Structures are given as C-alpha cells and as structure tokens.
Amino acid sequence: MNKFFSYQWYRAVGVVGCAAVVIAGCASVPPPTEQMAVSKSAIANAVSAGGSEYASVEMRMAQDKMERANRAMDKEDYENARWLAEEAQADARLAEKKAHSAKAQKAASVMQDDIRVLREEINRKSK
Amino acid sequence: MKNHRFVAMTLIAAAVLAGCSSMPANNSVLDQARNDYSNAQANPQVTSLAASELKQASDSLDKANHAWSKDGNSPLVDHLAYVAKQQVAIAQATASQKAAELAVANASAERDRVRLDARTREADSAQRSAEYSQRQSEASQRSAEASQRQSEASQRSAQASQLQSEASQRSAEASQRQAVTERQAANDAQLNAQASRQQTQDAESRARQLEAQLKEMEAKKTDRGMVITLGDVLFDTNQAKLKSGGMHNVQKLADFFKQYPQRKVLIEGFTDSTGSNSRNQELSDQRASSVRTALLDMGISPERVKSRGYGESYPVAGNDTAAGRQLNRRVEIIVSDDSGNITPR
Numbered sequence: 001m002n003k004f005f006s007y008q009w010y011r012a013v014g015v016v017g018c019a020a021v022v023i024a025g026c027a028s029v030p031p032p033t034e035q036m037a038v039s040k041s042a043i044a045n046a047v048s049a050g051g052s053e054y055a056s057v058e059m060r061m062a063q064d065k066m067e068r069a070n071r072a073m074d075k076e077d078y079e080n081a082r083w084l085a086e087e088a089q090a091d092a093r094l095a096e097k098k099a100h101s102a103k104a105q106k107a108a109s110v111m112q113d114d115i116r117v118l119r120e121e122i123n124r125k126s127k
Numbered sequence: 128m129k130n131h132r133f134v135a136m137t138l139i140a141a142a143v144l145a146g147c148s149s150m151p152a153n154n155s156v157l158d159q160a161r162n163d164y165s166n167a168q169a170n171p172q173v174t175s176l177a178a179s180e181l182k183q184a185s186d187s188l189d190k191a192n193h194a195w196s197k198d199g200n201s202p203l204v205d206h207l208a209y210v211a212k213q214q215v216a217i218a219q220a221t222a223s224q225k226a227a228e229l230a231v232a233n234a235s236a237e238r239d240r241v242r243l244d245a246r247t248r249e250a251d252s253a254q255r256s257a258e259y260s261q262r263q264s265e266a267s268q269r270s271a272e273a274s275q276r277q278s279e280a281s282q283r284s285a286q287a288s289q290l291q292s293e294a295s296q297r298s299a300e301a302s303q304r305q306a307v308t309e310r311q312a313a314n315d316a317q318l319n320a321q322a323s324r325q326q327t328q329d330a331e332s333r334a335r336q337l338e339a340q341l342k343e344m345e346a347k348k349t350d351r352g353m354v355i356t357l358g359d360v361l362f363d364t365n366q367a368k369l370k371s372g373g374m375h376n377v378q379k380l381a382d383f384f385k386q387y388p389q390r391k392v393l394i395e396g397f398t399d400s401t402g403s404n405s406r407n408q409e410l411s412d413q414r415a416s417s418v419r420t421a422l423l424d425m426g427i428s429p430e431r432v433k434s435r436g437y438g439e440s441y442p443v444a445g446n447d448t449a450a451g452r453q454l455n456r457r458v459e460i461i462v463s464d465d466s467g468n469i470t471p472r
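Top to bottom, those sequences are chains A and B. According to our numbering, the residues represented by the first sequence are 1 to 127, in order. According to our numbering, the residues represented by the second sequence are 128 to 472, in order.
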C-alpha cells in the first residue's frame, strides 16, 4: 500500500512537473502583468525618492532590467519577463532605500553640524 | 528504477528550461548572496533595525538555496540568488537609513537639549544681568540719594546764602538809608549852601541896600570909604547944636549903624575961614562931638564912634564966596569897611 502510494505520487509529480516544465518552456506561462506593474511602481518610487542621484548604479540597473522585461513581454517570454521584472523591483527598492538612507545620513550630518555650531555659539556667548 | 525515472525527468526539465532560458548559469551569485546575508546577520544594526527586510532576504535566499540544492546551477538559482542578494542590500540600506533617522532624532533631541542649555545659560546670564542692573540701579539710587543729600546741602547752603543775601540786602538797605541820609545831608549841605548863598545874596543885597541907604544920605565913595557930608544947614550959625532937620539925618545914620554893627564911624568937623582959627577949631570939634553925642544917644556903642574937628583946614571950596564958605562949613561922616578900619586923614 505504502509502496504503491509512493510510486503513484512520484508518477503524478513527474507527469505534472513535466507538463509544467513543458508549458513554461513553451511559453504557455501566463504574462506577469501584476509583477510588471509592481516593478514599474517601484522604479517610479525610487526615482521620486532621488534614486538617480543617490544610487545611480542600482537605478540604471533597475531601469535597464525593466526595459528588458518589457522587451521580453513583447516577445511573450513571460518567465524571463517576470524574473527581469522581479530583479528590477529589487534593484529599484535598493535604489530607493539607498536614496532614503543617504538623505537621512545627510540630514543627520546637517543636524550634527547644527548642534556643533550651536554649541560653539553658546560657548562663545557664555565666554 | 523509479529513481532513474525521476532523474531522467529532472534532466529533461532542466534541458527544457535550459533551452528556453538565455540566462547563464552562475554559482557565484548565490555565494555572494549567502556571504552578504551572513554579514548582514552579524550586523546588530541590521538585525535590530531592518528585521523584516532581512527576513525577506532570508526567504529569498532560502528559495535560491532550495532551487540550487534542487537543480544546481540554473538561471532560476541565479535569479533568486540575485534577488536575495539585493534584498540583503535593501535590508542593509534600510538599517542605515533608520540608523540615520535615529541619529537625526537623537540629534534633534540633542539640539533641543543644547538649545535648552543655551536658553538656561541665557536666562542665567539675563538673571545675572538683571542682578547686575539691579545692583547698578541700587548704586544709581544711592548716588541719587547722595545727590539729593548734596542738593539738600546745596539748598541749605542756598538758604544760608539767602540769609546772607538778606543780610546783604539789609546791609544794602542800611547803606541805602545811609545813602539817603547822606543825600539828605548833601541836600542839607546844598540847602545850607543855598542858605549861605542866600545869606551871601542877603549880604550882597544888604550891601546894595547899605549903598542905597548911604546914597540916600548923599554918601560919596572916596579913597577913605563912604563919606556922608552934613551941610551947615543942620547947625545954627556959630552954634554946635544940631537942628531938628540935622537930627533927622543923624537918626538915619544911627539906623544904618544899628543895621551894620561891624561898621565904625569917624566924624570930622570943618568950618570956613571966617573967624579965628581957634574959634573955628573949637566949633568944628564941638559940632563933630555933637553929632557923635546924638549917635550915642540913639544907642550906638561909644567905641564905634570917634569925632575930631579940623577947623578951617581941608576946605572943599573957596572961602571967597558965600556958596564956597557954606560948602566948607560941614561935618563929614566917614563910614568904615566891614572890619571897622578907617584910613586916617
């Protein structure tokens, strides 16, 4: 019984897996429309966060990959399009985070400067 | 047998996948992702500040690892590994962002603290300044009080000065009164002077009066002074006694001499050449003496009146005619100056 079940299961998996692989391989994968939209949005967010300025490498990578994803979509190479889109999203998010981080660090540095100046002023005043 | 079939099917799938994908297989991406992840996990800042991002990265890395352990090197593994690696980077960036934001928040708090410090110091300084101002103000007040005292002293001094001034005024008034007195004295002196002048004028007028009176008595101004000549008509011929008309003339003389008590008088008698010299001398003496006696009778002091006869000497006209002899028969009365001197004949 157990042996039989195991055999049946493998067989099923094998058939389904084979079918899935065939479908995927032969462009029967559904288009990653949602992922494309999410990635585009991520890139837009990154741009508005100042990614081009603070993380130009990541930003360029994201945009490049998004372009390639679009081309893959055009070619109905949906799997590749999904992967490229996912990577573009990751790059865009990194660019956005780096921009935020850089801004925050800048702000912190400005703040430290402010405090230094303030302290100096106080010391000068109290003298 | 079953295992062989599985492997065969996997191989087929891999072959299909490989055929459909253009991605090159690269193991190093997964290695880098694993390395990055372990670094991130070792960083307490990332584990504490970007826990959810690190979890995502971990999940992605698990998938990649799973894919790798399942299929070995494959584009899917590369893809998943790449995503995992980027997510590790995202977690790190997130951690650094939050750290920076925390730093900003801390700095903000610190800045507030510094500002508070500054304000406290300013307030202290202001208080010190206020205290200083107060001390200064007190000093000013003391100074003002001193000034007031000084002013009061000045006032007292001024009062003293006023008193002095009043005294001076009184003195001045006294001086003024004295001046008035002196002016009055001066006026008096002037009046006196005027009186003196008046007196002088009076004297002059008296002198003029005297001259007038003497003139009335037909007095003549001569080298010896005023001379009044009484003609012989006042005497009877060869008699020494004054007639009443002569008495009238003598009365005038007496009045005159009473009026001018400092004047003295010399009475000289003369005759014409008729008769003897001795008789003429006697008669001239008697006639002069008669006039003198009449004056004395009228209250003139005897020492003021002298008389002398000259007989027929000192004729004033010729004795050859009756008119000349009448002129020579005369009594001359010589009036002295104010000091009583008479130039002798």
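Simulated from the structure, these hints should not be mistaken for laboratory data. Please read all numbers here as calculations on a predicted model, not as lab measurements. Possibly wrong hints are sitting among the right ones.
[What the hints assert, rightly or not] What follows is a list of derived Cβ distance ranges for each label pair:
| # | chain 1 | residue 1 | chain 2 | residue 2 | range |
| --- | --- | --- | --- | --- | --- |
| 1 | A | Glu34 | B | Asn166 | 24 to 34 Å |
| 2 | B | Asp239 | A | Ser56 | 32 to 42 Å |
| 3 | B | Asp239 | A | Asp64 | 37 to 47 Å |
Just so you know, even glycine gets a beta-carbon here, dropped at the ideal spot from N, CA and C.
Hint check results:
no. : hint                           : result
1   : Glu34/A / Asn166/B: 24 to 34 Å : holds (32 Å)
2   : Asp239/B / Ser56/A: 32 to 42 Å : holds (36 Å)
3   : Asp239/B / Asp64/A: 37 to 47 Å : holds (45 Å)
The structure shown violates none of the earlier numbered hints.
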